[in-house]
Amino acid sequence: MTDSFDPADAGCWMARGRPAHHAHALADAWRRFPDLPNDAPLDARMARSRERVQALRPLNEAIAQETERQRVAANFACIERQIAQGSTDSRNPAILHGRDVHGYGWDAAVAYADGLYALCAAGHNAYYREVVIMRRSAGHKCKTAIFCHAPSH
4 MTDSFDPADA GCWMARGRPA HHAHALADAW RRFPDLPNDA PLDARMARSR
54 ERVQALRPLN EAIAQETERQ RVAANFACIE RQIAQGSTDS RNPAILHGRD
104 VHGYGWDAAV AYADGLYALC AAGHNAYYRE VVIMRRSAGH KCKTAIFCHA
154 PSH
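To get the numbering used here, take the position in the sequence shown, counting from 1, and add 3.
Hint data in this document are derived by calculation from the structure and do not stem from the laboratory. These numbers come from a predicted model, not from an experiment. The beta carbon of each residue, even a glycine, is placed where N, CA and C say it ideally should be. Treat the hints loosely; a few may be bogus.
[As the list claims (entries may be wrong)] Simulated restraints on C-beta separations: (1) Glu-71 with Arg-19: 18 to 24 angstroms; (2) Asp-9 with Val-75: 22 to 28 angstroms; (3) Gln-85 with Gly-118: 15 to 21 angstroms; (4) Pro-37 with Pro-96: 36 to 42 angstroms; (5) Leu-39 with Glu-69: 47 to 53 angstroms; (6) Asp-92 with Glu-71: 46 to 52 angstroms.
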């Protein structure tokens with residue numbers, strides 16, 4: 004293959020689809036902590052790799068947070084589209100209610116709509132009130148759920 008990849012060159016990262024701010028951070032880490040030659044002691048090469056991983060940790064965490072924000076936004080947008088198109092799924096308005104009224108994120112809003120649990124807001128802190136539900140059917144012990152209050156319609 005004639006295409007050479009230089010990880011210390013931000014342009015190589017951008018050519019492979021990385022946004023500029025990611026590409027520059029990646030290239031900087033590779034410039035500061037390049038691979039050692041193959042004939043360097045294994046311990047030194049491994050230490051260098053760990054240093055580079057440590058240097059990239061903030062970037063990787065930022066990428067994960069950015070990806071999660073995009074996932075949540077896309078999921079809520081999908082629910083809004085479904086409602087606009089006349090969806091009859093009763094969970095959809097409850098999901099948006101959980102978001103708009105209670106300030107829940109995606110996962111909590113879906114669980115709220117499913118009736119599994121809801122986070123109760125106390126000032127700016129959320130707290131959980133645990134309720135043990137005894138199931139009388141054979142083979143079931145007990146289940147734990149978190150409850151607050153039902154949405155007011």
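Now for the hints, and whether the structure bears them out:
no., hint, result
1, Glu-71 with Arg-19: 18 to 24 angstroms, "23 angstroms, holds"
2, Asp-9 with Val-75: 22 to 28 angstroms, "35 angstroms, violated"
3, Gln-85 with Gly-118: 15 to 21 angstroms, "19 angstroms, holds"
4, Pro-37 with Pro-96: 36 to 42 angstroms, "55 angstroms, violated"
5, Leu-39 with Glu-69: 47 to 53 angstroms, "31 angstroms, violated"
6, Asp-92 with Glu-71: 46 to 52 angstroms, "24 angstroms, violated"
Violated hints, listed in ascending order, are 2, 4, 5 and 6; each of the other numbered hints is respected by the structure.
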